[in-house]
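From first to last, the protein sequence lines are chains G and S.
Oh and the first sequence: position 74 is 74 in this note's numbering, straight run, nothing missing.
Oh and the second sequence: position 71 is 71 in this note's numbering, straight run, nothing missing.
None of these hints come from the bench; they were simulated from the model.
Heads up, some of the hints might be wrong.
What the hints assert, rightly or not - Listed next, with one range per pair, are the computed distances between beta-carbon atoms:
no.	chain 1	residue 1	chain 2	residue 2	range
1	G	F70	S	H79	52 to 60 Å
2	S	D69	G	A62	26 to 34 Å
3	S	T26	G	T262	47 to 55 Å
4	S	L58	G	E69	42 to 50 Å
5	G	D230	S	V31	22 to 30 Å
6	S	T28	G	G361	42 to 50 Å
All residues carry an ideal CB built from backbone N, CA and C; glycine is no exception.
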Amino acid sequence: MTNNKPLETLELPATVRPQRVVALTGNEAVAEAMRQIDPDVVAAYPITPQTELMHAFADFVANGKVSTEFVLVESEHSAMSASIGASAAGARAMTATSSQGLALMWEVVQIASSLRLPIVMPVVNRAISGPINIHCDHSDTMGCRDSGWIQIFSESAQEAYDHTLIALRVAEHPNILLPVMVTLDGFILSHTMERLEILDDETVKEFVGEYHPDHPLLDTKHPVTVGPLDLPDFFFEHKRQEVEAQLAAAELMPAILKEFGTVSGREYDVIEEYEMDDAETAIVVLGSTAGTVKSVVNELRREGRKVGLVKIRVFRPFPVRDLVRALTKAEAVAVLDRSIAFGSAGGPVFDEIRSSFFGGGVSPAEVKVLNYIYGLGGRDVKDSDIRFVYDELETLLHTGETGSAVRYLGLRDSNVEQVALRLEENQ
Amino acid sequence: MKPKNWEELPIGVKILEPGNSAEYETGTWRVNRPVFDANKCIHCLFCWVFCPDSAIILKDGKVVGIDYDHCKGCGICAHECPDKADALTMVPEHDKQ
Chain G
1 MTNNKPLETL ELPATVRPQR VVALTGNEAV AEAMRQIDPD VVAAYPITPQ
51 TELMHAFADF VANGKVSTEF VLVESEHSAM SASIGASAAG ARAMTATSSQ
101 GLALMWEVVQ IASSLRLPIV MPVVNRAISG PINIHCDHSD TMGCRDSGWI
151 QIFSESAQEA YDHTLIALRV AEHPNILLPV MVTLDGFILS HTMERLEILD
201 DETVKEFVGE YHPDHPLLDT KHPVTVGPLD LPDFFFEHKR QEVEAQLAAA
251 ELMPAILKEF GTVSGREYDV IEEYEMDDAE TAIVVLGSTA GTVKSVVNEL
301 RREGRKVGLV KIRVFRPFPV RDLVRALTKA EAVAVLDRSI AFGSAGGPVF
351 DEIRSSFFGG GVSPAEVKVL NYIYGLGGRD VKDSDIRFVY DELETLLHTG
401 ETGSAVRYLG LRDSNVEQVA LRLEENQ
Chain S
1 MKPKNWEELP IGVKILEPGN SAEYETGTWR VNRPVFDANK CIHCLFCWVF
51 CPDSAIILKD GKVVGIDYDH CKGCGICAHE CPDKADALTM VPEHDKQ
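Chain S with its partners taken away, still in its complex shape (with noise of 0.2 Å):
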């Protein structure tokens, strides 16, 4: 979403709608990427419990994947995922593939 320009923006920094901070990509905080692996995830969806920005994604009460638009990099997923699962290994964002 490209952002609005000056002229456009609701003023006085209101926020008009309701949720919008979806819209708000925080994806480019990141310094640390973490990287799932679905061979290795038990779904015992701690990932999904402590993520504090909702970016673990969920289809039919299994993890799928991360949402990199707003994942910050913190970690606390790969931190929280059980020992014995490994499923979430935090990468350096420059060496993604």
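Just chain G, with the same shape it has in the complex (with noise of 0.2 Å):
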């Protein structure tokens, strides 16, 4: 799924460290990465897709690889809670959750960002109920995007080990103090084996670096009250900190991924741009289905079609300004949204790129726009479900009839031609 070549073929500089190659799931991937960051206090709580995970890590808790506080909680609201405590207190403070458990803590999540305590969440990507549904789609994580959180998606178990050890720095960074999600889809990513690469323990000791808590509650000699009522006459600027909070990040990160790049060989920004300098169509997306996309991609290119990617990598902060400049690049962009936001314009990605193109003074003549609604409940995303978008894009770059902005890909859909299209081409 990914693109990264073996280290072995590539000319990297002298600063990358050596790395062991391994076979994990996305899940094992993480709790790896938590086992070479040894926070002070994990607490949490099993739910489906995310139960693995914590397996993982309390396998590392008993066999003594680990230091951790290891408490296991009652609900994921006693392990936001008992995580936020943690944190406070001064410890490197880490939990893990998936959708009702993320539902369930909800009310916590958003104490933590305005507290201004840099724990670290893995959230593996499943449906909120209901109907009740254990596969992967983004709308337990978009329940919470306007929480004060960064939310960092990944496209591959790689990525959700790299980006573990990345959110704990963007977490950490003293002028940015906020929690981070890495996201990674249930399933898709979580219980997949992947072959990825592994820093070594000192390598990952060194990048994380110790922590310096900021005010911690067991620093006797200097007193500190945490979490008091904030009342009309401070609470409106408290929140106005936060949003600095989101903007010191969006300035901040592209550094420290490249800093991680340094170290790892893997260099990332907050958005991937794939095959997108020609490109006369593109498909915008997040998590693994960016993996689908440039497989189709490479089809497509080798067809002759001029089609490319742009992969949301950071969603919180939105990366306005880099995807309003990857995206002028085409002429007619599609939007692919793992969630549905009832009652909205389109889903979530759509709108806010359709908002960062007006603040960006993109018309509608310039880039066309269309949302597809994809993958909800775990919904395969087939290599002719892409290629299909890329049709439509093109069909609607030659003909200027955009019909309807929104779209299901993959829906049963009576009225639909594309099911016709879809059987034709599946046979």
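Build the complex: two chains, separate frames, hints provided.
Written out as structure tokens, the structure is:
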């Protein structure tokens, strides 16, 4: 799924540290990152598909591979509450969850960001009930996209591992101090074995560094009040500070990603452009589907079609300028949303991209934008689906007919021609 | 005291100075204010004991007045003031002199 070439075939700068090639599932890869981080406190409650992540980490605790205080709580509400308490006390605290677990901790999630506690939480994306479903879509993390947390989406187990390490540096940066969610697609990444490269423990220790908490409760020589009642005369000012922290994150994250690149050889930016330089049509997507799109882009490029991909790695803070710069290279763009924003003009990613275009002075005449809702509740997205999107974008360019801006990819729909088209293709 | 702007406040809603609630003036919350009559006061200090906001000002063990910057106007002092003294009266804030 990734386009990482094996290390030995690349000419790497001397700064790149030795790495171990391993086969791990996404959950195991994140647990491995957590082992190397060796957080002071982890409080967690099991939920599919995150459970195996904490199983793997619990093994490390039981076998003495980490010195973490592992708190087995009675719910996700308590998992986040315990993480907040630990973080406020001055500990490096982590937890992980999925779907309903995230929903249950929602009340406390925003307290972590408002108290500026740099908790790192992998979220294994799973559809929010109801109806009840255990498979991947992004409705869980989209449900707290405005909670003040930073959100980093992963395309592969490799990225989930890398992002977990990067997240710590971002969260704990003194000018940011925000909690970070690292997402990985449920089952597609969390339960799929993948080849990836793991940094050695010493390199990780050096990269994440020692944690120096900001005014911790356990510093009894400097007493501090945490979490006081904040009334109309100060609440607004504190909310404005959270906005500033997101702006600081937007400014500082590229450098942190670059620094990780010098150590790992894996160069990341807040967005990833794939075959965009001369692209006429482009897809924007988050998470593992980016891998599928890359594969289709390769096929279509061989057929001589000018198609490209923009993957959003960092969804919060939303990379407005980077996206406008990258997407205005194309003439027609399809935004793939793995969740619905009911009653809104479109999916959450689509809405923000159109808003960014308006703010960036990009007119619909310059770049046409379509929205495809896809993959809800774990519905597979196939190569033929992605081909279909590029076909529609090209048709749109040639005919100029936009039709409905919001479409549904892979949905059984009696009225839509695409069903017939796709059936034809699949024969 | 002019409240700090968002750029000046400690981040994360943290309060870094112990006991700084004394600087936080709650007097504006008041609907009724206690008015103290020094001529009637017998200095039993019931008001001082019961006041939840430490807003009764003492000098040399005697009541000398009310801290209107912090008094929220709950009226407990006037309620506890013995009937025979009746040195504290609650007066609507808009009727104040």
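Consistency of the hints with the structure:
no. : hint                         : in the structure
1   : G/F70 <-> S/H79: 52 to 60 Å  : 53 Å, holds
2   : S/D69 <-> G/A62: 26 to 34 Å  : 58 Å, violated
3   : S/T26 <-> G/T262: 47 to 55 Å : 54 Å, holds
4   : S/L58 <-> G/E69: 42 to 50 Å  : 48 Å, holds
5   : G/D230 <-> S/V31: 22 to 30 Å : 23 Å, holds
6   : S/T28 <-> G/G361: 42 to 50 Å : 46 Å, holds
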